[in-house]
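**Q** Under the numbering used here, the first residue of the sequence shown carries the number 1, and numbering increases by one thereafter.
The set of hints was computed from the structure by calculation and includes no laboratory data.
Using 35 Å as the maximum straight-line C-alpha spacing, the simulated DSBU-like pairs for lysine-lysine come out as follows:
no., residue 1, residue 2
1, 421, 321
2, 421, 434
3, 434, 321
4, 276, 321
Computed spacing ranges between beta-carbons, pair by pair:
no., residue 1, residue 2, range
5, 457, 271, 40 to 46 Å
6, 231, 439, 36 to 42 Å
7, 403, 251, 21 to 27 Å
Please read these numbers as outputs of a predicted model, since none were measured by experiment.
C-beta atoms are modelled at their ideal positions from N, C-alpha and C, and glycine is treated no differently.
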Amino acid sequence: MRKYVIFCAGMGMTLLSSCNKLLTVPDNVAGQIVTTQVFSDSLNATGGVLGMYSSTLWDNWYPDIYGGLGADELLCNSLTNTTNLAYYRDSLYAGAPTIASTSTSFYDNYYNSTAIYLANAALEALATDSLLSTSYRNQLEGECTFMRAFYYFYLVNRFGNVPYVTSTNYMVNQRLPATPASAIYNSMEQDLLAARQQMRPAYPSAGKLRPNRYTADALLARVYLYNQQWSNAETRCDSILNSGMYALVANLDNVFLDQSQEAIWQIGNNSTYYPKIAPASGTPFTPIFSFLAPTYSLSPFVLQAFEPGDLRQAHWTGTSKVGATTYPYPYKYKNSLFSNPHNTTEDLMVFRLAEIYLIRAEARAQQGNYTGAMQDIDVIRNRAGLGDTTVSNLQQAMGVILHERQTELFTEWGHRWFDLKRTDSINAVLGREKPWWPADGHAALYPIPYNDLLYNPTLVQNPGY
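Kindly generate the complete structure, drawing on both the sequences and the hints.
**A** What follows is the structure, given as structure tokens:
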């Protein structure tokens with residue numbers, strides 16, 4: 001017997017671009033849950049919930065690459081890739097009846113059957129389940145609410161106001177209006193507070209491949225940071241830093257390895273052929289062969305940000321020389337399709353301890369604790385071979401903190417793009433660095449895809465598109 005589920009593109013609920021697409025879903029396929037399905041045992045339940053992480057694997061192409069292109073981290077070396085150029089030139093388009101939107105991959109794929117939809121479907125199934133133990137059901141529910149918040153974090157930071165979907169009822173979802181980003185942040189906070197209570201400190205899987213309580217704390221700390229709830233952000237960072245489960249990795253070449261002590265959440269590669277490559281991260285940046293130009297190279301603005309003697313430049317950037325031209329590129333992940341220089345296994349890093357130090361430093365500075373803020377900053381700087389720093393006011397502290405975020409987190413999950421936005425400096429910085437940056441700054445938000453506007457008339461396009 002096969003189950004059939006109908007999704008409509010206008011709801012943002014489909015993997016495909018057409019409306020009323022009929023998807024056939026075989027029984028008990030990992031990553032697909034029919035809402036009437038009852039979990040018969042823990043293995044069945046786990047298999048369904050694990051499907052939420054599949055889209056995270058391939059979607060990391062977009063935050064790293066397109067966030068870097070849109071900000072000031074990456075240059076686009078291919079003049080024929082129109083999508084890359086659109087992000088680099090900050091000229092995204094919403095699409096048309098016969099032209100796909102450059103932002104569809106972000107918008108629809110987060111709502112689809114392996115992301116928010118699956119999280120909601122799993123929560124509905126778990127709510128009616130009576131076969132699983134309470135502790136096991138709590139863990140799975142915590143993972144689902146965490147992942148829903150994780151996806152919405154990226155939706156609101158790219159698109160602003162978006163529909164907030166919490167059920168699988170397409171009759172309701174297909175006409176949902178956009179919810180203000182501030183209200184979605186409140187819902188994210190509630191999801192994450194619930195998730196951290198339901199998930200255990202111990203990881204439910206080998207290594208750190210599925211989130212635990214401190215993963216929820218990491219995202220919650222970031223949510224509080226973005227909403228300027230400084231005390232709450234510091235508290236969540238303290239929870240992680242005082243847990244005794246994590247530590248900065250001294251050797252910068254080992255930060256992104258499987259089961260890194262710095263990792264709070266990382267995802268391995270389930271590829272049969274390339275199990276030692278971090279999913280979707282190293283391959284796009286590292287040239288297949290040393291004599292080829294990388295598709296994306298580091299911008300002068302990143303390279304100029306490194307201080308003399310900064311070990312991050314030496315260990316986390318590489319160069320490829322083609323003719324007389326030298327191309328610098330991100331080299332945080334060393335393994336690629338044809339190269340594994342140290343015979344190691346790398347995982348995709350989603351949250352790591354360095355970000356937590358940086359969040360706490362900013363939260364402390366905003367509360368006037370400049371000494372404590374610089375203590376956290378110096379932990380990061382000392383690991384990079386740099387000396388301590390001192391500040392005497394908030395402006396100086398924020399300058400140091402944002403500089404360290406730029407050099408520590410470059411080309412990771414779009415941090416630079418989001419930092420420029422949340423500090424209201426995107427127009428000043430990109431207006432100075434990119435002559436094509438729009439004067440009204442509308443490119444700071446992505447356009448809602450054309451088809452989603454067509455099928456849901458309650459949605460309103462973001463200004464400037």
